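Number of protein chains: 2
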Amino acid sequence: MKKALAIDVGGTKIYNTIINENGEIISEIEKRHTPKTFEEIEKIFKDIIQKYENEVDVIAFATCGAVNNSNNGILGSTGNIAEGYPKMNFTSLSKKRVFVENDANAAAWAEHIIGASKGMPYSIMITLGTGVGGGIILDNKLYKGKNGAAGEMHFKMRTDKHRKCTCGAWDCFEIYASGTGLKLTAEEMLNNKDVTTYDVIDGWQKGDAKMTAIFKKWENDILEGLIGLANLFDPDVIVLSGSMAEFVDTEYLTEKVNSEIVTTPTRIVKAQAGNYSGMIGAALLALGVKN
Amino acid sequence: MKKALAIDVGGTKIYNTIINENGEIISEIEKRHTPKTFEEIEKIFKDIIQKYENEVDVIAFATCGAVNNSNNGILGSTGNIAEGYPKMNFTSLSKKRVFVENDANAAAWAEHIIGASKGMPYSIMITLGTGVGGGIILDNKLYKGKNGAAGEMHFKMRTDKHRKCTCGAWDCFEIYASGTGLKLTAEEMLNNKDVTTYDVIDGWQKGDAKMTAIFKKWENDILEGLIGLANLFDPDVIVLSGSMAEFVDTEYLTEKVNSEIVTTPTRIVKAQAGNYSGMIGAALLALGVKN
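Chains as they are written, first to last, in our numbering: chain A, 302 to 592; chain B, 302 to 592.
Bear in mind the hints are in silico, worked out from the structure with no lab data behind them.
Hints may contain errors.
Pairs count within a copy or across copies, as identical chains cannot be separated in the list.
Below are the DSSO-like pairs computed for lysine-lysine, each with C-alpha atoms no more than 30 Å apart in a straight line [as the list claims (entries may be wrong)]:
| no. | residue 1 | residue 2 |
| --- | --- | --- |
| 1 | Lys397 | Lys462 |
| 2 | Lys419 | Lys344 |
| 3 | Lys388 | Lys557 |
| 4 | Lys465 | Lys511 |
| 5 | Lys494 | Lys462 |
| 6 | Lys337 | Lys507 |
| 7 | Lys591 | Lys442 |
| 8 | Lys517 | Lys462 |
| 9 | Lys419 | Lys462 |
| 10 | Lys507 | Lys304 |
| 11 | Lys396 | Lys352 |
| 12 | Lys397 | Lys304 |
| 13 | Lys462 | Lys314 |
| 14 | Lys557 | Lys462 |
| 15 | Lys517 | Lys344 |
| 16 | Lys419 | Lys396 |
| 17 | Lys511 | Lys344 |
| 18 | Lys397 | Lys507 |
| 19 | Lys518 | Lys591 |
| 20 | Lys465 | Lys518 |
| 21 | Lys314 | Lys397 |
| 22 | Lys337 | Lys462 |
| 23 | Lys352 | Lys332 |
| 24 | Lys344 | Lys442 |
If you're wondering where the values come from, they're calculated on a predicted model, not measured in any experiment.
Make the full structure from the sequences, and use the hints.
Shown next, in the form of structure tokens:
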């Protein structure tokens, strides 16, 4: 069975492991802090690849940043990581074939092959964490758009320039539906800059009325975004992943989305491919595993 | 050269003509008022088809309502037309092959083959009229979603239940970006229920400051929607069609969209396939003409 060396590159951590064509993790997962400079990041990549490339058929990167349609480089700039990183020459790092995909796109593919959207041709995956990531599968193919950058969950939630998004524009879905968005909603509703995401989740779980109202506002913002996506894409399913997804009520969201859309009924479900879905999806894409 | 009998079915008018594989209209365009009952509509279809079916290879309907992925029937219900209309058995109307597509999807295909998005694999067409229609072309194929209903421009512009949309939900793009949306924006900004879309356009063209502010607010709402679509789809181009599209400044919109998106640069352009693009696109789809 063919195998990939999978490397997940985020702003704070770099993970690596070996994954087979079944999407199974078949070696230990190694974890490093993401260093601050291009040279140090490249050095880590080289060390990992040198150690494992003889054991695998392909090197599969799941990385932050938009990845081109040739799956060998990053488009434009990427926040939260060393400035020069997008210029990384990934293919020169190994004598084996190197495949690169955006981490959220890769995670969407993992859900499509072994997870919550398995067997469904049309799905959207949304990662709800500190930020929001997105991956779109249409007709059993990863949707990348003309240059590879598609699937960015930066559509407006209001038009009066209320909250600045991390992308530099105003009022994107990301800055309402993310963990950061929940904190900002709490700040606004409590008029208190010190409230944390944890405070809201903890208070909501303990039945505090104010924290529950904040939580419900955040969940409703997610709902409003899902309605738009369902009307645009008519998907089989929308998969919610990431650390914040565990708190949302997907049965409630499914019912509300279906009561508002003009397209045909869809389902909102939680991700099932696990915490390393980025590496799994990148490996499955690199190995050419399709549905 | 093969030919299609094209029939455009809207809530107020039914048009028909004959169109060849080049997308050329090769007979007179006939126009009728859309009657109020299923039986009367069916009678008109039968009359038109009986008169022309021997001259053509296929019957091509461009209709209001979402059309299934088999292109032979309408999904669910459709506003503004006789209640039973969605149950129409289109294929039984002719001894020739019958092909059905949604009117906005058909118009998007006409732009893709002979119009403003010709030669471009990834495009979105938005019709700005009394309402808003949408058609999405991805990888040179009409994007329909799991059941055929995709491309509905009903994503939120705000989340505080401000304006009820014609679809029954709140604050969709349609109820801000349409001609109806412009009137509602004028009503809100002038606190006057009697102001018309024409008043705003006329005042703006004559340099009236208040009407210009209303027009700019409406154009900005369109802009906000385009930003979201560009971030989701990374399209080559977004085509604006319909009676209201002639008034928007596409150079301004292109510049603003590209300054805000996180995906790669796109273009906003006006439609070029003309007033009968729905019939032309339906004919080209029915005749299997691809890019």
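Hint check results:
For a Cα distance limit of 30 Å, the shortest separation of Lys397 from Lys462 qualifies neither inside one copy, at 48 Å, nor across copies, at 55 Å. With identical chains, the CA atoms of Lys419 and Lys344 are never at most 30 Å apart, being 36 Å at best within one copy and 46 Å at best between copies. In this assembly of identical chains, the alpha carbons of Lys388 and Lys557 lie at most 30 Å apart only when taken from different copies (27 Å versus 43 Å within one copy). For the identical chains of this complex, Lys465 and Lys511 are neighbours both inside a copy (24 Å) and across copies (28 Å), given an alpha-carbon limit of 30 Å.
Within a single copy, Lys494 and Lys462 get their C-alpha atoms as close as 19 Å, and across copies as close as 27 Å, so both meet the 30 Å cut-off. For the homomeric pair Lys337 and Lys507, neither the shortest alpha-carbon distance inside one copy (40 Å) nor that between copies (57 Å) is at most 30 Å. Proximity of Lys591 to Lys442 under the C-alpha cut-off of 30 Å is found in both arrangements, the shortest distances being 8 Å within a copy and 20 Å between copies. In this assembly of identical chains, Lys517 and Lys462 lie within 30 Å of each other by CA distance both inside one copy and across copies; the values are 22 Å within and 15 Å between.
Taking the shortest alpha-carbon separations for Lys419 and Lys462, neither the intra-copy value of 39 Å nor the inter-copy value of 35 Å comes in at or below 30 Å. In this homomeric assembly, Lys507 and Lys304 never come within 30 Å of each other (Cα to Cα): the closest approach is 46 Å inside a single copy and 68 Å across copies. In this homomeric assembly, Lys396 and Lys352 come within 30 Å of each other (Cα to Cα) only inside a single copy, at 13 Å, whereas the closest approach across copies is 68 Å. Taking the shortest alpha-carbon separations for Lys397 and Lys304, only the intra-copy value of 12 Å comes in at or below 30 Å, while the best inter-copy value is 53 Å.
In this assembly of identical chains, Lys462 and Lys314 lie within 30 Å of each other by CA distance neither inside one copy nor across copies; the values are 33 Å within and 41 Å between. For a Cα distance limit of 30 Å, the shortest separation of Lys557 from Lys462 qualifies both inside one copy, at 27 Å, and across copies, at 15 Å. In the homo-oligomer, the alpha carbons of Lys517 and Lys344 never lie at most 30 Å apart, since the shortest distance is 45 Å inside one protomer and 52 Å across protomers. Proximity of Lys419 to Lys396 under the C-alpha cut-off of 30 Å is found in neither arrangement, the shortest distances being 33 Å within a copy and 41 Å between copies.
Proximity of Lys511 to Lys344 under the C-alpha cut-off of 30 Å is found in neither arrangement, the shortest distances being 49 Å within a copy and 61 Å between copies. In this assembly of identical chains, the alpha carbons of Lys397 and Lys507 never lie at most 30 Å apart, being 53 Å within a copy and 66 Å across copies at closest. Taking CA atoms no more than 30 Å apart as the test, Lys518 paired with Lys591 passes in neither setting, with 38 Å inside one copy and 46 Å between copies. Taking CA atoms no more than 30 Å apart as the test, Lys465 paired with Lys518 passes in both settings, with 18 Å inside one copy and 20 Å between copies.
Within a single copy, Lys314 and Lys397 get their C-alpha atoms as close as 24 Å, which meets the 30 Å cut-off; across copies the closest is 62 Å, which misses it. Proximity of Lys337 to Lys462 under the C-alpha cut-off of 30 Å is found in neither arrangement, the shortest distances being 33 Å within a copy and 45 Å between copies. When the C-alpha separation of Lys352 and Lys332 is checked against a cutoff of 30 Å, the pair qualifies only within one copy, where the shortest distance is 14 Å, while the shortest distance between copies is 73 Å. With identical chains, the CA atoms of Lys344 and Lys442 are never at most 30 Å apart, being 33 Å at best within one copy and 43 Å at best between copies.
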